[in-house]
Amino acid sequence: MNDAAQQVWSFVKTMAIAAFIAFFCIRGFVFEPFKIPSSSMMPTLHIGDYLIVSKFAYGNRLPLTDFFFWERDPKRGDIVVFKRNGSGLPGSFFGLGKTLFIKRIVAVPGDRIAYNNQTLFINGRVVTTEDLSKYDLTLPNGKQVQADLKKENLLGVEHEILRVPGEAGPVLAETVVREGMYVMVGDNRDNSLDSRFWQWPSWGFVPKEDIMGRAEFIFWSWDENWKPRLERIGNGLRAHMTIGLGQTLEDARGGATA
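Here the numbering used here is used: position 225 in the sequence shown is 1051, and no number is missing along the way.
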């Protein structure tokens, strides 16, 4: 091999090593793809959606440790990927084999949260909803139902949820979310295994150190027949901020509805 060929080969090896290091640095510190395995976050996320998850949204974690170089607190309304030791249908970061889950944060440290008759109560206020339309929904057992598509105002954060008429759901008494803990609930309210069930009749909290990142946008999507859903590609996943705060818990008990 002549000198020119050696220089070219050396350059190619250097670039390959640099690309390899850059890939794992980005994967370890910045972004990670995630595949949606279940319908628990419909209508926001569908089975077959592929997401980009920001691993630096709440700080940079040293890989394979719980040590953060810097930190930012998760916010109410964020869709997050997190670890969970429990039952359910997990997803995974590609190639890592971790058991991970994806839900929406509905309560943060210091919040007072309760759930009754398909309705969330946070800090003594009803989390209000607005009827949008009917929604054709396939349940995990294959049954077809018409769910109610609603816009929920999560104390200043708007997003869409599904409710199945006639499903009362669990009843959970008002509880204060402990420091460093978060409450996770699926947008498909009557078909999601989440903080309402993990430790029922108490709330099941998720510690901050188990949150792996925040879902940012959908970068690809397949339907059940492996056809691309092009209309979903590029959809952002950050909740819309508003200012409505809902009714008080006392108002709701007096007959008001959400």
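Don't read these hints as lab results, they were simulated from the structure.
Heads up, a few of these hints could be off.
Below, in silico cross-link-like pairs of lysine-lysine (PhoX-like), each with a Cα-Cα straight-line distance of 25 Å or less [claimed, not checked]:
#1 K960 - K977
#2 K1053 - K977
#3 K901 - K977
#4 K1034 - K901
#5 K1053 - K861
#6 K861 - K969
#7 K969 - K901
#8 K861 - K1034
#9 K909 - K1053
#10 K901 - K861
A quick note: this is a predicted structure, and the numbers were derived from the prediction, not measured.
| said: So if I understand the rule, the pair passes when the alpha-carbon distance is 25 Å or less; does K969 with K901 pass? | reply: violated, 35 Å
| said: Holds or violated: K901 and K977, Cα atoms, limit 25 Å. | reply: Holds, at about 19 Å.
| said: Check the hint pairing K1053 with K861 against an upper bound of 25 Å on the C-alpha distance. | reply: holds, 16 Å
| request: Take a quick look at whether K1053 and K977 sit within 25 Å of each other, Cα to Cα. | output: Roughly 28 Å between the alpha carbons, so the hint for K1053 and K977 is violated.
| Given hint K861 paired with K901 - CA-CA distance at most 25 Å | holds, 22 Å
| task | Take the C-alpha atoms of K960 and K977, compute the straight-line distance between them, and say whether it is at most 25 Å. | result | Answer holds: K960 to K977 is near 12 Å, not above 25 Å.
| Are the Cα atoms of K861 and K969 separated by 25 Å or less? | Holds - the C-alpha atoms of K969 and K861 are around 24 Å apart, at most 25 Å.
| 25 Å limit on alpha-carbon distance, applied to hinted pair K861 and K1034 | holds, 22 Å
| task | Given the hint that K1034 pairs with K901, test it: the Cα-Cα distance must not exceed 25 Å. | result | holds, 11 Å
| message | Hinted pair, alpha-carbon criterion (25 Å max): K909, K1053. Please report holds or violated. | response | At roughly 30 Å apart (the allowed maximum being 25 Å), K1053 and K909 break the hint.
Of the numbered hints stated above, those contradicted by the structure are hints 2, 7 and 9, listed in ascending order.
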